[in-house]
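*Asks:* Spelled out, the chains give:
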Amino acid sequence: MSPETAASAGMEQARVNEEARNVVEAEGLKAWYITQAYGVERTVKAVDDLTLAIREGEIYGIAGESGCGKSTLLKALLGEIVSPLTIVGGKVEYDFDAGKIDALKQTEEDREAIRWRRVSYIPQGSMHVLNPVRRIRDTFHDFIAAHQETTREQSIEMARNYLQELGLREGVLGNYPHQLSGGMRQRVTIALATILTPRLIFADEPTTALDVVVQRGVIELLKEVQKRENSTLVLVTHDMGVHANLTNRVAVLYAGNLVEEADTSTIFRRPRHPYTRYLIESLPRMGDRSERVGIPGRPPALDNPPDGCRFHPRCPLATDICRQEVPPLLPVEGIGNGTGPPHRVACFHQVDAPLEAGEIEHAAEMPHAD
Amino acid sequence: MTLLQQFILPRLLQWVIVIVVGITITFLIPRLSPVNPIQQALGRLTQFATLEPEAVLQLREQLMANYGLEGSIVEQYFRFWGNLLGGDLGPSFGAFPQRVNDMIGRALPYTVALLTFTTIMGWIIGIIVGTLAAYYPGRLTNLVAGVMIVVYPVPYFIIAFIFLMAFTYYIPFFPLIGVFRGEPFEAEFIATYLHSTFLPAVTLLITGLSFRFIMARALGTAELSSDHVQYATMAGLPDRRLMTSYVARNTMLPQVTDLGLSMGSIFSGTLITEAVFGYPGLGDLLLQAIYQADYNVVMGITLLSIVGIATASLIVDLSYPLVDPRVRYR
Amino acid sequence: MQTDREHSLLSVESLQRVFVTREGFSTTRLEAVAGASFAIRNDRPEIYTLAGESGSGKTTLARLVLGLEHATSGNMYYKGRDVLHLTNKERRDWFLKEVQPIFQDPFATFSPLKRIDSYLYETTRNYKMATTREGIDAHVDEALHAVGLSLAEVRGRYPNELSGGQAQRVSVARALLTRPSLLVADEPVSMLDASLRMSIVNLFRTLRDEHKVSVLYITHDLTTAYYAADRIAVMLRGWVVESGPVENVLGEPLHPYTQNLKNAIPEADPEKTWEGDASLAVMDTEEYTRTGCRYAGRCPAVMDICKTTVPRDIEVQGRSVKCFLYDEEVPEAERTQAMANGAPVA
Amino acid sequence: MLRKAIFVAIALMVLVPALNVTAQPSGLPVDVPRDELFVMDQIFRWSIIDNYNVWRPGRITPHRHALIAETLWYLDQETGNIMSGASNEPPVYNDDYTQMTVTLVDSLKWSDGEAFNADDLVFTVETVWNTPELSFGGWHAQFVDFLESVEKVDDHTVTFTLNRPNPRFHKNFEARWAGLYMMPEHAFSQIEDLVNYTYQDGPYLGLYAPVEMDPNGFWDLFKKRDDPENTAVCQYHMNEDCGPGYVLTILYGDSTKKVIAMTRGELDAFMNVDFEAFESLLASTPTAKSWYPEFPWAYPNETSSRLIRFNFDTHEWTNNKDVRWALALALDIVQLQTEYIGGVAKVVYVNVPYTPKLAELYYNHPRMQEWVENLEIDVAGEPYKPFDATVADRIGEWADEQGYAQPAETAAASYGSGWWKYDTDTAAKLLEHNGYTRDGNGDWYTPEGERFSFSIQAAPDEVDSFRVANAAADMWNDFGIDVELQGLERSVWGANFETGQFETDAPWLSFVLPDGDGWPQMRSYHSKYYVPAPELHNALGGGTPARLVDPVLDELIDAMESLHPQDPQNLELVHQFLQHWVENMYYISTVSFKKFVTWNELYWTNPPSAENDVYMPLYWFQGGRFSIGGLESLGG
Amino acid sequence: MFGIVGLVTNIRDLMKFSGAFRWGFIVLVFVFLMAGLSWFSPYEEDHRRDTPRGKPPLTEISIGRDDDGERIYARTLLGTTSQGQDVFWQLTFAVRNTFLIAGTAVFIGRSIAILLGMLTGYMGGVFDRVLSTIIDSLIVLPRLPLLILIAAILRGDITTLGLGVLLGIMDWAHPSKRYRAQVLSLREREFTHTAVFSGMNPVKVVVREHMPFLVPFLLADVVSGFLWAIGMEVTLAYLGLGQISVPTIGSLLYWGNYYNALLLNQTWVLIPAIAAAVFTVAGFYMLSQGITHYLDPRTRLTRLGVSDS
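Residue numbers (my numbering), protein chains in the order written: chain D, 1 to 370; chain B, 371 to 700; chain X, 701 to 1046; chain S, 1047 to 1682; chain C, 1683 to 1991.
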């Protein structure tokens, strides 16, 4: 039995055409969970007034702790709005070759035309996303046949070729999901999501709960898939290590707000938002056993977020203005070469220093990380 | 070897135990009954005659021999097993000297046909409609579900009786009892058979279907919220495919298990329904036999149903791994 | 293998656990833990890590230690006493008090239908750590303080009202209530956000340094292992393939599998992206049943002998490695050639 | 492809029956035109299929063998007259009743054309005599017991020699339900195993021959012989081609289903249904009728009566005559007969049905009338006359109130005899005299201080018995006794009384035969047959479920045995038996049998009825051979 | 939590939470009220001839005489039976007695089931295998023929309670198998280990940790138990094998049928009894749906507003 070897090519970051147009644009997006129970309305502002643009061919990372609205943002960008999730304001538009498409107002026909052929989705936790009583090849056929004329034989042939191209063993086609290892299952899911060569791929925590080796295989596969058609990959994960290894650009989400957005190396080298700095600082590194702390406190409940900057209760740099005013997300002056998207930060007290300098002082009175 | 040892043998053993336990119970219960078939037969035979005690005694002994009631209960038990393994269920008490084998042989095809048809149809329709209801929630499906929930607890015979009144009296469309003309598999026989079987079948179908529906709807609703269905929905799979291969296919697994387990109660329902409609199956025969204290017939039928149901369960059990690729035995 | 039972807190010797699974009509005999040996020192508290992929048998080993699984063969000693053959009473009165678990999923650790503090009170009362109401409250509060919480924050709460990090802290606090010498933490941070992991791992360091509690830390996350642990045993399909001080093992891994593991770590640094190949197993059960070295199927430095023979444990460079690459009985030329084929040693 | 096939299969499974039902409106199992087919209630479902051997033991309904077979005489239940079968002359006994000579009809033929003669009778008797298994009706035992020899005198004369006097030996050949049926000597002498012979192909001596049978036992089809003029039935009717071409006996089920079948025109005659079902039938089916065209409709002269029976063996209180009388006086017979029975059965004070013949012999016999009107019982030392002669008139008044047209007969002829007064005060005195006490609520307590309570068992499917029990339970409860009504399925009820597991129950029986003879029924009460409960009550060959021991009865029974049934002395002894019985109130007798024997004159007319009372309508007694033979077709 | 106040709060909470529970609760309260009304009946339970026979609903009927011997007239709500009983009041007795029978059956059956289910689930080994085999055998046995036989044996002597006990004895195999499966899975849940390491003894673990999880199963089983017991009671009574002199839903139907109610169009005698059976079981069904839904940790989380972002 031959070892399963993931694609090894393309170790360098994917290159993005500097003049590429935006594939996805979100403007003033407000995606709230609104529940109505016995006359009491509860609103969870999971994504609140968020504007971003994702360019063609880039790998765009969305980072943040659990409960920051990452997955909700992804659902909104995907146009997968199911009650109680409600779009309260703003818009999301796709721009493929044939003009702009409003992602939030997709009809059934739009959806059929776009899904999987243009826009695809790689879910979190592949454990349960494959039909347990259906062989992989039949699932492939189902997914392909839903979008194009095909016979079962053609679909399977197509799946076989695709798996071969991705360096996956075609034998899995005859298996049931439960017969595969977790990593294999996740990679099959990725193949399933991308077999119709979508232009835009959303991936929601594709590596969470996988162990490191598997995680690496999955990430490499994602890279491979993205590179093949120069697709756009939007990747949500809380794991900064994954962002560092995979993305071109990273957006950091906190409590439903976009707090910082920059190309990956900037984010890791010179993050300006204290939250971003915390996120990166808190990661342990091989070869370094010096003490690191987590981010103090916990993200706020989104049904009643704090006024002003939502990070202020956890921020050592917070001042009165942070408690009263919401910091605007503004481009950082003088950074970037002018053609790419600017480095944007929403903070009144931006830290302009390389991370190594360790600018943030750990306030001794801060509550324990949680 | 492993297959045989680890999987088939334990189940066969279980099957044997089921049958032994079941048959022992059914052997014992009628013998605890106060109704003595010898007394009954004696009563019938001596009803119009003046007999001397010796003649009565002689008659009684002869009946005991005929009925296999000689000796202690233990001896009877072993003789019973001996006969049973020889494929002989003995003579009927009520219809002496008829063999129980013949009586059951006559009734069995009717019950098997009725039972098989209604069970399979109820199963299929119940799952299809139940899955549809889970898939398309709304006012209409709530109404259907409401009706099903109301129908489900209604005892078989009430539904049977309502149908009987409605379609043999108010609208005299169906025969009052099972009426079968012609030789089996002739056109006339099939026509009259279907005509006579329609009402009992519908009765059994409705009750069977209602439970399948409720179960399929509940399972389907749960299945719909499962990750794999949601993902497939998101991927834009057509509704029909989702419903069949994704929702229904998965809900069928617990339904298969339940079907195996509910064969007993389905049989009970058939018993009552047959009695109401004068349908000449095992149920009607059994009920008559119980009323006449015809041990051997009661035992023959109960025994057959135990073997049948145990075997049905065994088949379901053995085939389950084929149906569900996930199943693991540990 | 014989370890120094007398001077070890926990000494695990050639422990084996076999599962027989039936899938459809076929039966598989899986050696989930295959003669694993390691020891946690008794002279000073340490954090001992069991690392490996999912399916490497590390969780089964942890469950064996906790007594949640029965060993098929092998020995285990705690403070010099055989703990595989304890009576129920001994187990409850002594062993459970000494060794306490921390589970992977903080929300599964507690029944969602019960208040979380009830476990704290139960533990205190059942082990008779305090008797009066005030005493119990104080004891619980103390343990909670040790994990950075307080009774006031936790009292009357249901598990789902706490965050994952908080719940995991309560889980640790509950374990501390019996004043154990050893905590067995099975993937305690894998369900938590990366940013929260440090707080729990730091907690273990604090417990070791300040409360003198040893921790058997089971994880697949080598960065936290490197950060927190003193010694490490790397597991592969039921085997311990490399063990020793964490700086040695993770700093300069010798076994190709450890190297593979280390290479797979995504460093939070865009400059340091992966090099080389990651090799993955297709099916979890496949490697368990392999004859020869269980890694032979995906080892870049595989030799012919690996496919037929089970390697020995070799003492080399201050650690133990289960690999023919370091076995002097294998011709050196062959080994050099194999190493050259394999992934570059970090 | 497979999927489509399955779909089509399922669709067919649903559609075919649905389409088919529109094509099949008839509910009858046979394809015979209705102007040739008479359909009657089969009463039982056959469990023995395709077996027309009427001599073997086992359940058999008489109408079947009477259609195909012939015995020597038939007993008209109503008149007690003997009707001729294979013999048209009464048997001749010698003086000491040890020899009986029988003369056979000389014009009968088997269905294969062979003449019926003395050889057949001798063969029949000898075969049954020598074959214990052919014991239906107990004939074999009787022959073993009494028969010395049977000899052919000439082609149509046979002489029986008995080993001891038996003036009732001819009863073996007299069908009430069944008599010994003639075997075709020329055919049966060729058959080795007559016990298991199914007799499907004849030859038959009756008017009909079986042609088809439901393998499930629900129905049985008979076809008229090609030579009806050679049968006893048509000769009786003096009609060379009497009776319908085909007779179908069929079992539909309970009252409801029988009524439905008749409204659907799929049943021409049924044996009985309950009162309510009959009423609804009248409303829906104008062509249906029972005996009387108006109230009380039902045929009143069935030869049995309903009663309440005590168990003297296991329950102490039942042995107290005063308590039994108190219970009788606490029953309001008028209410029982009207409210519970619907006014349609005749009241009887003793277990003798109120048929014209028996009413004349017993109820209206001067000796009995005088006795009952002057009957006095002892109530706490005072004499008390319990008889109430006004019962029938009061029922008549009730019927007037209901707006029923009154039958032409006198009240007594329609509603039976007098009965005991409804006198709860006297009943109370009787109980109190025996130490029973009554509390403020009117509840009775036994002398031991316990609540006076007992149960009454009855089989609900025996409609009138159950309603008698129901009425008694209601009335006794009103009187203050805690009576529980137990409706038991017939076989359990039967087993209970046979083994003495009851306190009181509601059976049916008659003390006399339709011709007035008492001994055959009364002999069971001889104390030599007594066995204690829970032994089978008839373990010794006779016996009564009540387990009665009374030397007075023994003497009377012994005296009757050797008397010829028609001997006036026999009648006097029977009278004495009945008087002694009533004075002790051993059973509380209530009403005579009535039957809603119902005919639907849709296809066939001229059934027996009050206007056409040539023969009784109880077709199941002699298989309806006479009434069916007299039917006329109304066209299909 | 399990005090009266807690119970009331829980019920209130449940009513708000689940429409099914709300309806089921209302239906059952109504049915229980019916049963309770039986104690206020103007007629005795086993008494016949109280009213004119076979009168349709809302007829004015004589219900007896006052002290002066004058007839008292009243309208009957649901009509009268052919035995001269008021259908409404008979129904109150019938509901009460059927509840008693089914309740006894359910109680006994579930007690045996829980006990055996837990025993087999926790003991494991040979004990489990032997017992499970027997239980599996009993599941497969067709119960109605056996029940008919036993009822035929005991008939006449069988009391209302006795019938309940008999039904209970026959209805535990299936649920006990379910409990066993449940216990087996609970035994492997992490919080069980937590409880064990918290020093709880097995009894405490079972009662405190596992019982709450069995409650939804128990409730669902109670419903199916009621369904079965009522069905059997009705079926036995219909066949004339119950204690038909005691008013139960089944004996009401039996007598209705005995007096040809359908043939005579006296539907008012049958419909209330059928409705009572249906409402009772449907009520229990909805109640269990509501409770199961309520106790489900997943829905509980959403209910408490802890939703994912």
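To be clear, the hints were calculated from the coordinates, so they are not data collected in a lab.
None of these values were measured; they are calculated from a predicted model.
A few of these clues could be false.
Just so you have them, the derived chain B footprint on chain S, three or more residues with Cβ under 8 Å [claimed, not checked]:
hint, stretch
1, 1261-1268
2, 1304-1316
3, 1534-1540
Cβ coordinates follow ideal geometry from the N, Cα and C atoms, glycine included.
*Asks:* None of the hints should be skipped; say for each whether it holds.
*Replies:* Evaluated hints:
no.: 1; hint: 1261-1268; result: holds (count 4)
no.: 2; hint: 1304-1316; result: holds (count 5)
no.: 3; hint: 1534-1540; result: holds (count 5)
The structure shown violates none of the earlier numbered hints.
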